[in-house]
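A.B. asks: Spelled out from the first residue to the last, the chains are:
Protein chains: 2
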Amino acid sequence: MTLLVTGTIAIDSIITPFGELESCLGGSATYFSVAAGHFTWVFLVGAVGEDFPEDYLKIFDGRPIDTTGLEKRPGSLTFRWKGSYAGAMNEARTLDTQLNVIAEEPPTIPEKFRHADFVFLANTAPDVQLKLLRQVKSPQLSMADTMNYWIQNNRDDLLKLIDHIDSMVLNDTEARMFTGQDNLITAAADIVQMGLEFIVIKKGEHGTLLMTKDKQCFVLPAYPTADVKDPTGAGDSFAGGMMGYLAAQNAFDLTTLKKAIAYGTVTASLVIEDFSLRRWHTAARPDIDQRYRQLKEMMQFK
Amino acid sequence: MTLLVTGTIAIDSIITPFGELESCLGGSATYFSVAAGHFTWVFLVGAVGEDFPEDYLKIFDGRPIDTTGLEKRPGSLTFRWKGSYAGAMNEARTLDTQLNVIAEEPPTIPEKFRHADFVFLANTAPDVQLKLLRQVKSPQLSMADTMNYWIQNNRDDLLKLIDHIDSMVLNDTEARMFTGQDNLITAAADIVQMGLEFIVIKKGEHGTLLMTKDKQCFVLPAYPTADVKDPTGAGDSFAGGMMGYLAAQNAFDLTTLKKAIAYGTVTASLVIEDFSLRRWHTAARPDIDQRYRQLKEMMQFK
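Top to bottom, those sequences are chains A and B.
Residue 119 in my numbering sits at position 119 of the first sequence, with consecutive numbering throughout.
Residue 236 in my numbering sits at position 236 of the second sequence, with consecutive numbering throughout.
Honestly, the hints are just simulated from the structure, not real lab data.
Same chains, same names: a pair is fine if it fits in one copy or spans any two.
Below are the EDC-like pairs computed for lysine to aspartate or glutamate, each with C-alpha atoms no more than 20 Å apart in a straight line:
#, residue 1, residue 2
1, 296, 214
2, 213, 227
3, 302, 287
4, 302, 253
5, 215, 166
6, 82, 51
7, 258, 297
Go ahead and model the full structure; you've got the sequences and the hints to work with.
C.D. replies: In structure tokens:
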């Protein structure tokens with residue numbers, strides 16, 4: 001099945017205890033689609049400016065990622081983000097954000113993408129997410145990411161978006177903020193009750209929690225890696241692996257969701273082992289499958 | 001097999017968003033032994049003062065817990081702790097500590113306890129833990145808990161203790177502090193290399209990490225409960241369930257360790273559902289086994 005993603009294609013500058021990288025490839029849609037492209041056919045929708053280096057697009061070569069929806073806008077500049085990580089690297093400190101093309105009209109979804117079966121709306125203003133979703137005919141499963149800013153400032157838009165999507169992915173702080181519930185299980189249940197089929201709560205190095213409409217719960221620790229160099233894109237790589245697997249299976253029952261979350265855990269654990277998307281220069285599907293088996297083994301008990 | 005625990009029997013006062021409880025039963029050895037008593041025969045060693053209410057001992061009635069080693073000291077007062085929890089209740093704020101009997105000579109281990117097969121040294125000064133351990137003949141498995149204070153102030157004593165024990169249980173902050181490693185996997189590996197068979201790192205609501213001498217890793221999320229009323233004793237109840245199961249199986253190979261950690265996860269998840277040890281007034285082994293099966297189900301994927 002086909003999987004549409006809308007989001008950013010960015011130029012990042014990253015500082016971690018393991019080094020610095022200036023003006024490298026980043027963006028939610030980039031991380032998402034490369035992770036998802038290990039599983040299924042991906043329709044990428046996003047916009048960059050005329051400053052965007054042509055050779056950054058090479059990351060998509062040889063992958064089942066259709067970049068017809070990647071708009072290069074003359075006169076515009078690419079979204080830029082600069083951040084640093086310290087200590088356990090659980091949170092980025094944003095040093096600079098230049099919205100540029102992101103502050104303009106969102107890109108139009110190409111006609112041939114509008115029959116996508118699965119849709120992922122990466123983090124942006126919820127009214128923009130809804131506008132994008134409305135261009136898609138009748139997806140089997142739509143999922144949106146969001147962030148604290150929209151929860152605090154555009155709550156009504158977010159609730160309206162929730163009326164039209166099937167699921168959300170958000171982190172534990174956002175889930176608590178959204179519901180005012182300190183207990184994460186209660187927070188998860190409260191969000192699902194707003195009208196979703198299921199939600200996935202990301203807890204960074206602590207793993208993931210799934211809660212379905214009928215209160216089925218699934219918990220998965222992160223893949224325990226000693227080799228974290230740059231956590232940028234972990235969340236979008238998680239979502240990409242998860243949605244990519246769901247789309248490939250054309251299903252989102254509990255059994256498939258559990259496996260999808262485990263695949264997302266694995267794609268996230270790989271991408272953070274190097275700066276930007278460099279890990280994908282070498283890591284491929286067999287590496288994903290091997291780590292998937294390791295993760296299963298690591299958390300299995302009789 | 002028999003399981004010896006040395007630790008505190010305390011009088012706690014607890015404030016959580018769900019209420020307050022004045023002068024209730026607490027203490028590491030108390031929480032540990034009641035959890036462990038669901039699995040195996042427990043030798044309890046600790047001291048209380050003459051102020052200790054006799055009827056608090058009723059918690060041990062009808063359980064396989066030998067309280068011969070519970071010393072009641074005339075002229076002394078019981079260890080008292082007052083703490084409060086807020087928000088997600090991940091950390092206690094200590095409001096008052098009265099060491100009392102804890103500041104005196106540690107109790108002597110009764111002769112008939114000295115052949116214990118498994119030993120758990122609950123948190124106290126590492127030189128005291130070593131003194132206690134030396135009274136035990138030749139346990140198959142010894143495990144110690146510790147805390148940030150000893151890591152910072154009694155590091156040499158702690159390293160000396162590690163030369164004599166087989167395993168440790170500590171929380172993620174302590175593991176990072178002990179090793180200076182931000183990455184938890186690296187921290188875990190570093191501590192095991194100090195000379196242990198394995199260590200267990202507790203991450204509170206985020207679950208547990210096991211690392212063995214030969215770098216085998218096991219990760220388990222916490223049991224996702226919406227019903228946390230008082231997190232006091234969660235760590236000791238975890239250790240009690242884990243060590244209780246190991247002692248009952250008379251083994252600590254990887255397969256048994258994984259199951260033991262899952263049982264510890266379950267005993268911890270039960271005790272926090274009510275104040276003090278009240279949950280154990282009703283919860284028994286069938287409740288533990290049922291939740292164990294639920295946990296397994298919740299984290300199983302194909």
